[in-house]
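Participant: The lines below spell out each chain.
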Amino acid sequence: MTLNVEANPYAPQVACLSRVIAETPTIKTFCFDLDEPLAFRAGQFVQLGVPGLGEGPFTPSSSPLTPEHLEVTVLRTGEVTERLHRMQAGDACLLRGPYGKGFPVEKLEGKDVLVVGGGVGLAPLRALIYQLLSMTDRLGRVVIKNGARETAELLFRRQYDEWASHKNVSMEITIDKAEPGWTGNVGVVTTILENVPNEVDVRNCYAFTCGPEIMLKFATQKLLEKGLTAEQIYLSMNRRMSCGIGKCGRCNIGPYYLCKDGPDICYAKIKDYPNVFP
Amino acid sequence: MRSIYVSTEEGLAHLLGAVQADEVYAAVRRERGPEYCNLRARPEAEPALREPRPSASPKAFLQPATERVAVYSATGVDAERSCPACGRRALVGLRACDLVAIEYLDKVFRGGDVADPFYEARRTSELLISVDCVAVHENCFCTAVGGRPFAESGFDLNITPLEEGYLVEVGSERGQEVIDRAGDAVCPATDEDLRRRDARREASLEQLRQQTGDWRVSDRIQEALLAKDEAKAWGEEAAKCVECAACTFICPTCHCFYLYDQVGGGEEFERVRTWDSCILGDYHRMAGPAGAKPSPRPGLRTRFANRMLHKYAFSPMQYGLLGCTGCGRCIEACYGQIDIRDVLRGFEE
Chain A
1 MTLNVEANPY APQVACLSRV IAETPTIKTF CFDLDEPLAF RAGQFVQLGV PGLGEGPFTP
61 SSSPLTPEHL EVTVLRTGEV TERLHRMQAG DACLLRGPYG KGFPVEKLEG KDVLVVGGGV
121 GLAPLRALIY QLLSMTDRLG RVVIKNGARE TAELLFRRQY DEWASHKNVS MEITIDKAEP
181 GWTGNVGVVT TILENVPNEV DVRNCYAFTC GPEIMLKFAT QKLLEKGLTA EQIYLSMNRR
241 MSCGIGKCGR CNIGPYYLCK DGPDICYAKI KDYPNVFP
Chain B
1001 MRSIYVSTEE GLAHLLGAVQ ADEVYAAVRR ERGPEYCNLR ARPEAEPALR EPRPSASPKA
1061 FLQPATERVA VYSATGVDAE RSCPACGRRA LVGLRACDLV AIEYLDKVFR GGDVADPFYE
1121 ARRTSELLIS VDCVAVHENC FCTAVGGRPF AESGFDLNIT PLEEGYLVEV GSERGQEVID
1181 RAGDAVCPAT DEDLRRRDAR REASLEQLRQ QTGDWRVSDR IQEALLAKDE AKAWGEEAAK
1241 CVECAACTFI CPTCHCFYLY DQVGGGEEFE RVRTWDSCIL GDYHRMAGPA GAKPSPRPGL
1301 RTRFANRMLH KYAFSPMQYG LLGCTGCGRC IEACYGQIDI RDVLRGFEE
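As given, the protein sequences belong to chains A and B, one line each in that order.
Numbering-wise, the numbering used here puts 36 at position 36 of the first sequence, and it's gapless, one number per residue.
Each number in the numbering used here comes from the position in the second sequence (counting from 1) with 1000 added on.
Any given hint could turn out to be false.
Some chain A residues near chain B, calculated using beta-carbon distances under 7 angstroms [what the hints assert, rightly or not]:
| no. | residue |
| --- | --- |
| 1 | Asn8 |
| 2 | Leu53 |
| 3 | Leu65 |
| 4 | Pro67 |
| 5 | His69 |
| 6 | Lys101 |
| 7 | Pro104 |
| 8 | Cys248 |
Dumping the calculated SDA-like pairs for lysine to any residue here, alpha-carbon to alpha-carbon at most 25 angstroms [to be verified]:
| no. | chain 1 | residue 1 | chain 2 | residue 2 |
| --- | --- | --- | --- | --- |
| 9 | A | Lys217 | B | Pro1316 |
| 10 | A | Lys177 | A | Asp161 |
| 11 | A | Lys269 | B | Glu1120 |
| 12 | A | Lys271 | B | Pro1316 |
| 13 | B | Lys1107 | B | Glu1120 |
| 14 | A | Lys271 | B | Leu1321 |
| 15 | A | Lys101 | B | Arg1285 |
| 16 | A | Lys271 | B | Gly1235 |
Bear in mind the hints are in silico, worked out from the structure with no lab data behind them.
All C-beta atoms, glycine included, are put in the ideal place defined by N, C-alpha and C.
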């Protein structure tokens, strides 16, 4: 389904929520069972909105392989997301999209893949993870790293064991501060990137990362330090976007618009332009 | 060869009367300078074709400051009321720089993977009648950015004001139709008329030479702008900026917009598009906890730099055109007395 894009790219489609999943104290997943499947590539985003209030760019967290069932995972952090978090099954939302290029999955055959998430940043990456899990026979190793402030904020925790049970897939998690009963790593997500050269072939891999901009900055630095090149690092950056089609102007990094040329963009493309990171 | 005609003062009024449009917006004489006005509603208004360009650019006729782009309810979109609606309109008195701006806006709104249907509807229904600048505004610097004070393409009709009467050049079939309807208000131009036009154009170029000299914004500007150390530079320029965004609103190529939703009455909602500006603090701001206000360009100097970079470095990469036509409107609009010519010259030193 292409949501009215042909006729009017700014007109939203009204879609009713089929289910809302409380993932963490601050994150919920909004599920839609669509009459017509919304075909998207992992990493492409939709504009999800509240009638009469507005919309925001979110990359679906569901599998691109099941486009009739769309899930969008949202952190409660502003006006629109606050209202979304108060919504229930049956409530009407607004949808437009999909927009952007998505992750370059076609480049991954025979490569190791490193997926680095931070906080709600694991949401867009889950669409990629579903895709990767469906093609492990054509990939090298898949290494997933994820961090959160605290255990309660570990997103999709119920799925980690299942992901790691796939052949050649490993998963490592960290929390920012120690908690009673936690035996895993403590520290920001870069602390679990130290061992990357032993986990993937740094010359034959791609890394995909999504999280708060400050985390993207330090994760990128760490990956470069560990031997990856800028060409091998993709950042998923859903900055403020309004139109979604490269016209409204606000999401630029250099001559690129993240809505149209991203939101998952190769670090090599943008690294020499101003304001890549805060 | 293009069809070129001459007309008298009266003949030109006749010609404009022959335009088949519901609205004919022309820059007309006003005490405070030329302004656009609908000649169909005010037939007594006198087109200001011999004055310098108006302070307002014609951008708002192609991309209005606010515009409803969708009507919807909780059950769906009202398709009929979410479609572009546009009557027949003619714009009279556009300058060569305005046509360059329209070429730029065409690349933004008609180009790319998805065209903007609202812009497209206006663009296809609007007749463009340009006029040579026989008087040059003191802030004009079109020749420094590859322009000239007269147009050679991009119009339906182009008018050259002569000492007496006008020379009218046809640029499209639609333009020719106007000429055909105008009957004996116009007659074919002679070689002598064309020589008079060339002399007028040379005189305008000479005026520009006197105020901008041989200054040209060179290809080096891209490199120079990108090399500028943002942390240190821009501070002096940005310190003068009062963040009013007038420069971006008056600019004929600035096209940033924002979509917002509002209650439209009853059970209905509207989505509205409104002009926005990269100079404003909220422009890039993302959702976040109060106080955090995450933004990739929190400081005014980074926003000021981004505006300059977009015009002179990124636009050529994106669209093959500078995002500046040299109209100089931002100079008279600026409350901080920032002269973009000085900012640019600063890089070339």
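Participant: Within 25 angstroms, alpha carbon to alpha carbon, are Lys217 of chain A and Pro1316 of chain B?
Facilitator: Not OK: Lys217 of chain A and Pro1316 of chain B at ~28 angstroms, beyond 25 angstroms, violated.
Participant: Does Leu65 of chain A pass the interface check with chain B, least Cβ-Cβ distance below 7 angstroms?
Facilitator: Constraint on Leu65 of chain A not satisfied, violated at 24 angstroms.
Participant: Using the nearest Cβ pair, does Pro104 of chain A come within less than 7 angstroms of chain B?
Facilitator: violated (17 angstroms)
Participant: Holds or violated: are the alpha carbons of Lys271 of chain A and Gly1235 of chain B at most 25 angstroms from each other?
Facilitator: Within the cut-off at roughly 23 angstroms; holds.
Participant: Classify the hint on His69 of chain A as holds or violated, based on whether any CB of chain B lies nearer than 7 angstroms to its CB.
Facilitator: violated (21 angstroms)
Participant: Verify the proposed pairing of Lys271 of chain A with Pro1316 of chain B, using a straight-line Cα cut of 25 angstroms.
Facilitator: Satisfied, since the Cα-Cα distance of roughly 19 angstroms is no more than 25 angstroms.
Participant: Just to be careful: measuring from the Cβ of Asn8 of chain A to every Cβ in chain B, is the smallest value less than 7 angstroms?
Facilitator: holds (5 angstroms)
Participant: Please work out if Lys101 of chain A and Arg1285 of chain B have their alpha carbons no farther apart than 25 angstroms.
Facilitator: Distance ~23 angstroms between Lys101 of chain A and Arg1285 of chain B Cα, so the pair holds.
Participant: Does the alpha-carbon distance linking Lys271 of chain A and Leu1321 of chain B stay inside the 25 angstroms limit?
Facilitator: holds (23 angstroms)
Participant: Hint Pro67 of chain A vs chain B: min CB-CB distance below 7 angstroms?
Facilitator: violated (20 angstroms)
Participant: Is Lys1107 of chain B within 25 angstroms of Glu1120 of chain B, Cα to Cα?
Facilitator: Cα-Cα ~11 angstroms, so holds.
Participant: Holds or violated: the hint that Cys248 of chain A contacts chain B, with Cβ atoms closer than 7 angstroms.
Facilitator: holds (5 angstroms)
Hints 3, 4, 5, 6, 7, 9 and 11, counting from the list given before, are not met by this structure.
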